[in-house]
Amino acid sequence: MAERIPTIIADNAHIIYRVVGAGSPGSGSPLASFKRIVTGTKSAAVREVHAVKGVSFVAYRGEAIGLIGSNGSGKSTLLRAIAGLLPVEKGGHIYAAGQPSLLGVNAALMNDLSGERNVVLGCLAMGMSPAEVKTKTQSIIDFSGINERGDFSSLPMRTYSSGMSARLRFSIAAAKKHDVLLIDEALATGDAKFRRRSEQRVRDLRAEAGTVFLVSHSEQSIRDTCERTIWLESGVIRADGETEAVMQEYEEYMRK
Amino acid sequence: MSQTTVVRTETGESLEQLARRHGLASAGALPSLRQYAQQIWAYRHFITSYANARVTSALGTTHLGMLWQVLTPLFNAAVYYVIFGVILNTKAGVGNFIAYLCCGVFIYNFTSTVVSAGVQGITSNLGLIRALNFPRAALPISIVLVEVRNLVASMAVLLTIVLVTGEPITYQWLYVIPALFLQTLFNAGLAMFGARLGSKVIDIKNLVPFLMRIWMYTSAVLYPVQRFTDHLHGWKLELLEANPLLVYIELIRHALLENVQLAGSPRRLWVEGLVWAVVVFSVGFVFFWRGEKGYGRG
Chain Y
30 MAERIPTIIA DNAHIIYRVV GAGSPGSGSP LASFKRIVTG TKSAAVREVH AVKGVSFVAY
90 RGEAIGLIGS NGSGKSTLLR AIAGLLPVEK GGHIYAAGQP SLLGVNAALM NDLSGERNVV
150 LGCLAMGMSP AEVKTKTQSI IDFSGINERG DFSSLPMRTY SSGMSARLRF SIAAAKKHDV
210 LLIDEALATG DAKFRRRSEQ RVRDLRAEAG TVFLVSHSEQ SIRDTCERTI WLESGVIRAD
270 GETEAVMQEY EEYMRK
Chain R
1227 MSQTTVVRTE TGESLEQLAR RHGLASAGAL PSLRQYAQQI WAYRHFITSY ANARVTSALG
1287 TTHLGMLWQV LTPLFNAAVY YVIFGVILNT KAGVGNFIAY LCCGVFIYNF TSTVVSAGVQ
1347 GITSNLGLIR ALNFPRAALP ISIVLVEVRN LVASMAVLLT IVLVTGEPIT YQWLYVIPAL
1407 FLQTLFNAGL AMFGARLGSK VIDIKNLVPF LMRIWMYTSA VLYPVQRFTD HLHGWKLELL
1467 EANPLLVYIE LIRHALLENV QLAGSPRRLW VEGLVWAVVV FSVGFVFFWR GEKGYGRG
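Protein chains in written order, with the numbering used here: chain Y, 30 to 285; chain R, 1227 to 1524.
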């Protein structure tokens, strides 16, 4: 058997968030702030969240990997670090082939702009050339299906329903051929028809020899698209293996 | 705490060796300065369309829309005209005081708006930063581009005011272009410096209004620079006259107005303007680049 080609290698990755403005009760008055500065106690407003604690794994080309775990277990944070959007603490590394792209429902586009201009902006932000953007804009809008109920692509995105804007975001990110595609709950939005279409697109992207990471709470969509699953709990990998085996373990754990 | 899962690679080498053998790059590695500049150049279309998008989203929700780009400097000039021209009837020993004043106000505003938007350039775009991968310097640079667009509109207003108040058109008007170019470089450096500083020390944004007000009063915006020479001597005066904003304002006044007394000889002002632009731009760029990989942390 030929050696499999790794695309993502996480080597003892720790990720720490700094959260500013997490005020605890009693820290809201000017006097309290002053007292804090005078006594030299650490600011209660800045908290550190140790979201991912020493994660290591190797992902190979052609794999689709599901990431599961309860809320707040560090799945989205890990995806962001893989995409190079969050720094990994010293001592650990995440290595990647090419530039992984994150596709999440909270990917911020500009709400005051029309859907079409957001498509152009999103494509440029992914590093496409203007000529490439021009040829792809229409197919992205068609794929998202936002024009099925009339001409929505020329309306500002703030007028879209949450399902529509999630569909548009997915369509933008899926327009590019990615070495590594990281999908964060994106498939859980949209109607059944769009979900089928997007699952087909994820399969196509995989066939183009990329690697796909999928974070989802929908056990069905992970079972359908991924053959390998990593289970993350409190920032630590609990299990890493075939989807069916990990899923059974996970379901047992969640039933408790 | 460190429950490290041991991952065995197929060939028994360490993860780092495996990554190196397959040419995988560490996600946290800083690009070289040269590579970084190339990345920014590759993203130039994103930068310009993002700048346009910011203008559209700021003005697109108003009824008058893009007209505000011209109306804002016009109202600005009108306010100063009413106060200094009509109510106080200030002459301050300057022949054409209204035009003199407007040069100062518009040039000051260019830097002032860049600085106040720049220090929030990272913090107000965290969503974008945590979602997409692009050279982060695109954000402060696009802030500068937005203000350049506004500047073009306010320059049109300024030239009209200068003409209406009776100044002749001379070839010296052309000096406006290199002067504004130098100020733009200077502002870009400030925006990048401020963006990184503002992302680390978030409280800075509350200090910016005060800093900018001090900077305004020391830049001879509302009164001629000769006010300072009456009170200050030696190094204090030297320091004040080296003030980059004062230099850029004086360069514009020199280009557009006849019979103005400048803070220094034109040659000296040009040299100072050039040095400030190159130094601040380089320092700002390098400072911003050093923090490139950490902006997503918040």
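In short, the hints are calculated from the structure, not lab data. Hints may contain errors.
To be verified - Here are the computed lysine to aspartate or glutamate pairs in the DMTMM-like style, where the Cα-Cα straight-line distance is at most 25 Å: (1) R:K1519 / Y:D208; (2) Y:K163 / Y:E118; (3) R:K1519 / Y:E118; (4) Y:K119 / R:E1467; (5) Y:K64 / R:D1429; (6) Y:K222 / Y:E262; (7) R:K1431 / Y:D208; (8) Y:K119 / Y:E177; (9) R:K1426 / Y:E256; (10) R:K1426 / Y:D233; (11) Y:K119 / R:E1239; (12) R:K1519 / Y:E228; (13) Y:K119 / R:E1518.
To be verified - Label-pair restraints from in silico Cβ distances: (14) Y:R33 / R:G1291: 54 to 60 Å; (15) R:R1375 / Y:K163: 19 to 25 Å; (16) R:G1286 / Y:S263: 42 to 48 Å.
Stated by the list, open to error - Computed footprint of chain Y on chain R; a stretch qualifies when at least three of its residues, placed anywhere within it, have a C-beta under 8 Å from a C-beta of chain Y: (17) 1335-1345; (18) 1365-1372.
Cβ atoms here follow ideal geometry from the backbone N, Cα and C, with glycine treated the same way.
To see whether the hints hold, each was checked on the structure:
1. R:K1519 / Y:D208: The hint holds at about 20 Å.
2. Y:K163 / Y:E118: Distance of about 40 Å is beyond 25 Å: violated.
3. R:K1519 / Y:E118: Holds - the C-alpha atoms of E118 (chain Y) and K1519 (chain R) are around 11 Å apart, at most 25 Å.
4. Y:K119 / R:E1467: 46 Å, violated
5. Y:K64 / R:D1429: With a Cα-Cα distance of about 18 Å, the restraint between K64 (chain Y) and D1429 (chain R) holds, given a limit of 25 Å.
6. Y:K222 / Y:E262: 32 Å, violated
7. R:K1431 / Y:D208: 39 Å, violated
8. Y:K119 / Y:E177: 49 Å, violated
9. R:K1426 / Y:E256: Violated, because 42 Å separates the two Cα atoms, which is more than 25 Å.
10. R:K1426 / Y:D233: The given pair, whose Cα atoms are some 41 Å apart, is violated under the 25 Å limit.
11. Y:K119 / R:E1239: 21 Å, holds
12. R:K1519 / Y:E228: Measuring from Cα to Cα gives roughly 32 Å; hence the hint is violated.
13. Y:K119 / R:E1518: Cα-Cα ~16 Å, so holds.
14. Y:R33 / R:G1291: 54 to 60 Å: 56 Å, holds
15. R:R1375 / Y:K163: 19 to 25 Å: 23 Å, holds
16. R:G1286 / Y:S263: 42 to 48 Å: 44 Å, holds
17. 1335-1345: With 0 residues close enough to chain Y, the hint is violated.
18. 1365-1372: violated (count 0)
Hints 2, 4, 6, 7, 8, 9, 10, 12, 17, 18, counting from the list given before, are not met by this structure.
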